[in-house]
Amino acid sequence: MKEVGTLKLKTGLAEMLKGGVIMDVVTADQAKIAEDSGAAAVMALERVPADIRAQGGVARMSPPELIDAIKAAVSIPVMAKVRIGHFVEAQILESIGIDYIDESEVLTPADETNHIWKMDFKTPFVCGAKNLGEALRRISEGAAMIRTKGEPGTGNVVEAVRHMRSVTSEIKKLTVMGREELMTYSKEIGAPFELVRWVHENGKLPVPNFAAGGLATPADAALMMQLGAEAVFVGSGIFKSGDASRRAAAIVKATTHYNNPAILAEVSKNLGEAMVGINISDIPAAQIMADRGW
Amino acid sequence: MIGVLAVQGGFQAHLKTIQKLGVAAREVRLAEDLDACSALILPGGESTTMLKLLKAFNLMDPLRQFCLNGDNQVLATCAGAILLAQKVVHPEQESLGVLPVTIERNAYGCQRESFEAPISVPAWQLVDQPVYFIRAPKFLALGPGVEVISSYEGDITGVSYRNLTAVTYHPELAEDPGFHQAWLQHNTQKVG
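Protein chains in written order, with our numbering: chain A, 1 to 294; chain B, 1 to 192.
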C-alpha cells in the first residue's frame with residue numbers, strides 16, 4: 001500500500017536535514033548563494049527577522065510568486081513561514097508545494113489562543129519551543145520538527161541556548177521520574193500525558209530537535225550542535241553580515257565538524273563583519289518574539 | 001567496521017539500524033575515518049551540501065578509491081546513490097562517478113509527493129519491506145553490468161554493481177532492520 005503524508009515521511013525529511021544548515025533568504029539570488037554555500041534547505045521570507053524587527057508593521061507569509069521564484073532557483077528543499085494559527089496561509093503553501101512549513105513566532109500571530117491543527121496537512125511543519133511543555137503541545141498538534149525559538153533577528157545566541165538547555169534538562173528530569181509522578185508533571189508543563197510518558201521512556205523528543213534564533217557565527221552553530229541540536233537554522237546572521245557566501249559556507253562546515261575545534265578555528269578566520277547584535281535586555285517586552293506561542 | 005558518511009543527512013538512522021544488528025559502526029567525517037572501515041554507507045540528505053563538504057575536506061578521492069576497491073562493500077541510499085552515479089541530471093552535478101547509471105534528482109516532485117511503500121528484493125529473499133521515498137531520485141539508465149535488485153510501479157528503485165548497492169529509498173527509517181541485515185548477509189562476509 002502506497003501512503004503519503006504520514007508522520008514518518010514528515011520526520012523523515014527532517015532526518016535528511018540533520019547536520020545541515022537551513023538559511024533564511026528573501027530573493028532567488030540569495031537562495032542560489034545559500035545553495036552554492038552548502039545550505040541543506042532555504043527558508044523563503046519576505047523580510048529577514050532583523051528587518052521585521054527594525055521596520056515593524058505586520059509580518060505575514062511571503063507572497064507565492066516570491067516562493068515560486070526561489071523554488072525555481074534551487075534544487076534543495078524550500079521552507080516558508082506562516083503566522084501562528086493562520087491555517088489558510090498554510091493551505092496556500094501546501095498547494096504551491098512547499099517542502100516544510102514553519103509556523104513561526106517571527107511573523108505577527110494571527111491567533112492569540114490557538115496554533116494550526118497540523119495533522120490536517122500532508123506537508124510537514126516545524127514549530128518553535130522554549131521548553132518541553134511547549135514542544136510537546138506542538139508535537140501533539142502534528143509538528144514533525146521542533147526548533148528553539150531563540151530571539152530571532154538579534155544575532156544574539158543567548159535565548160537559543162536557554163531554550164535548548166531547558167528542553168534537554170526537562171527531558172533528563174523526566175527520565176528519572178517515577179511513573180506515578182508523570183500525570184502531575186504533564187499537568188504542570190501543560191503537555192499531553194501520552195507524549196510525556198513517551199519522553200519518560202525514550203529520553204528524547206519524538207521528532208528531530210533543531211536550533212534557531214540569533215545564530216550569527218560558525219561558533220554559534222557548533223555551540224548549538226554540542227548542546228544537542230541536530231541541525232541549525234540561520235536567519236539574519238548570513239545576509240546581514242559583511243560577506244554572506246563566505247560566512248554561509250563557514251557555518252555549513254562548522255555544523256558538520258562541530259566537535260573539532262581545530263576545524264572550527266580554521267573556518268572562523270577572515271569572515272568579515274558579523275551582523276551587529278542586539279542585547280535582549282534592550283528589546284521592549286512587546287517586541288520579544290519568543291513569547292509568541294501558546 | 002562499517003563506516004557511515006556523516007558530513008550531512010540521515011546518518012544517525014543508519015548508525016542506529018546497524019547497531020541494532022550488533023555490528024560495529026562509526027561516523028566518517030574525514031578521510032582518516034575510512035582507514036578502519038571495510039564497508040561504507042552513504043546516507044540520504046542533500047547531495048549538493050554533501051558534495052561541498054566532501055570537496056572542502058578532501059574526501060572525494062579517498063571515497064572514490066574506497067568504492068573502487070572490490071573488497072569494500074558500499075550501500076548508498078537516496079542522496080548517497082546520487083553521489084555514486086556516473087551521471088546526475090535535474091540539475092546536472094558532480095559526483096564520485098563510480099556507479100555506471102544515470103540518476104535524476106527529486107524525480108517525484110516536492111515533499112508533498114513523498115511516499116512510503118513496501119518493496120521486495122528477490123535476490124536477498126526480502127519481501128514487502130517498508131521503505132520511504134523522500135524527495136526521491138530515479139534511475140533513468142543503467143550501464144553494462146548493473147543489476148536491478150528492486151523496482152516499484154515500473155521504476156527501478158535499487159541496483160547492484162560489483163561491490164556497490166544503491167537504492168533510491170530509505171530503508172533505515174523503518175523500525176525493522178531487515179534490509180540492512182539482508183545487505184550484510186548477502187554482501188559483507190568480510191565485515192566484522
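Honestly, the hints are just simulated from the structure, not real lab data.
A hint or two may mislead.
To be verified - Here are the simulated lysine-lysine pairs, DSS-like style, with alpha carbons at most 25 Å apart:
| id | chain 1 | residue 1 | chain 2 | residue 2 |
| --- | --- | --- | --- | --- |
| 1 | A | 32 | B | 87 |
| 2 | A | 204 | A | 8 |
| 3 | B | 16 | A | 172 |
| 4 | A | 187 | A | 173 |
| 5 | A | 32 | B | 16 |
| 6 | A | 173 | A | 204 |
| 7 | A | 8 | B | 16 |
| 8 | B | 138 | A | 8 |
| 9 | B | 138 | A | 2 |
| 10 | B | 55 | A | 269 |
| 11 | A | 204 | A | 172 |
| 12 | A | 172 | B | 138 |
| 13 | A | 32 | A | 173 |
| 14 | B | 87 | A | 204 |
| 15 | B | 55 | B | 87 |
| 16 | A | 2 | A | 122 |
| 17 | B | 138 | B | 87 |
| 18 | B | 138 | A | 32 |
| 19 | A | 32 | A | 269 |
| 20 | A | 8 | B | 20 |
| 21 | A | 32 | A | 8 |
| 22 | A | 172 | A | 187 |
| 23 | A | 204 | B | 20 |
| 24 | A | 122 | B | 138 |
Said to hold, decoys possible - Chain B side only, calculated, beta carbon under 7 Å to chain A, not exhaustive:
| id | residue |
| --- | --- |
| 25 | 49 |
| 26 | 91 |
| 27 | 132 |
Claimed, not checked - Over 10 Å on every C-beta distance to chain A, these chain B residues come out as not near it, computed from the model:
| id | residue |
| --- | --- |
| 28 | 7 |
| 29 | 22 |
| 30 | 26 |
| 31 | 48 |
| 32 | 87 |
| 33 | 116 |
| 34 | 141 |
| 35 | 143 |
| 36 | 154 |
| 37 | 173 |
Here a beta-carbon is modelled for each residue, glycine too, at the ideal position from N, C-alpha and C.
For each hint, the structure was consulted:
1. A/32 <-> B/87: Roughly 22 Å separates the two Cα atoms, so the pair holds.
2. A/204 <-> A/8: Holds, because 17 Å separates the two Cα atoms, which is no more than 25 Å.
3. B/16 <-> A/172: It holds: about 21 Å lies between the C-alpha atoms, which stays within 25 Å.
4. A/187 <-> A/173: holds (15 Å)
5. A/32 <-> B/16: Judged against 25 Å, a Cα distance of about 34 Å means the pair is violated.
6. A/173 <-> A/204: Judged against 25 Å, a Cα distance of about 11 Å means the pair holds.
7. A/8 <-> B/16: OK: residue 8 of chain A and residue 16 of chain B at ~16 Å, within 25 Å.
8. B/138 <-> A/8: Holds, at about 21 Å.
9. B/138 <-> A/2: holds (17 Å)
10. B/55 <-> A/269: holds (19 Å)
11. A/204 <-> A/172: holds (9 Å)
12. A/172 <-> B/138: Not satisfied, since the Cα-Cα distance of roughly 42 Å exceeds 25 Å.
13. A/32 <-> A/173: violated (43 Å)
14. B/87 <-> A/204: Answer violated: residue 87 of chain B to residue 204 of chain A is near 40 Å, above 25 Å.
15. B/55 <-> B/87: holds (18 Å)
16. A/2 <-> A/122: holds (14 Å)
17. B/138 <-> B/87: Holds. Residue 138 of chain B to residue 87 of chain B sits at ~12 Å (cutoff 25 Å).
18. B/138 <-> A/32: Holds, because 24 Å separates the two Cα atoms, which is no more than 25 Å.
19. A/32 <-> A/269: Cα-Cα ~23 Å, so holds.
20. A/8 <-> B/20: Distance ~19 Å between residue 8 of chain A and residue 20 of chain B Cα, so the pair holds.
21. A/32 <-> A/8: Violated, at roughly 29 Å.
22. A/172 <-> A/187: Distance of about 18 Å is within 25 Å: holds.
23. A/204 <-> B/20: Judged against 25 Å, a Cα distance of about 18 Å means the pair holds.
24. A/122 <-> B/138: Answer holds: residue 122 of chain A to residue 138 of chain B is near 22 Å, not above 25 Å.
25. 49: Holds - the Cβ of residue 49 of chain B comes within 7 Å of chain A, reaching about 5 Å at its closest.
26. 91: Residue 91 of chain B check passes; min Cβ-Cβ to chain A is 6 Å, inside 7 Å.
27. 132: holds (5 Å)
28. 7: Contrary to the label, residue 7 of chain B does not stay out of reach of chain A, its closest Cβ about 5 Å off (not over 10 Å).
29. 22: holds (21 Å)
30. 26: At roughly 14 Å from the nearest Cβ of chain A, residue 26 of chain B sits farther out than 10 Å, so the non-interface label holds.
31. 48: violated (6 Å)
32. 87: holds (16 Å)
33. 116: violated (5 Å)
34. 141: holds (20 Å)
35. 143: Holds, since 24 Å exceeds 10 Å.
36. 154: Fine: 13 Å to the nearest Cβ keeps residue 154 of chain B off the interface.
37. 173: Answer for residue 173 of chain B: violated, closest chain A Cβ roughly 5 Å.
Checked against the numbered hints listed earlier, the structure breaks hints 5, 12, 13, 14, 21, 28, 31, 33 and 37; every other hint is satisfied.
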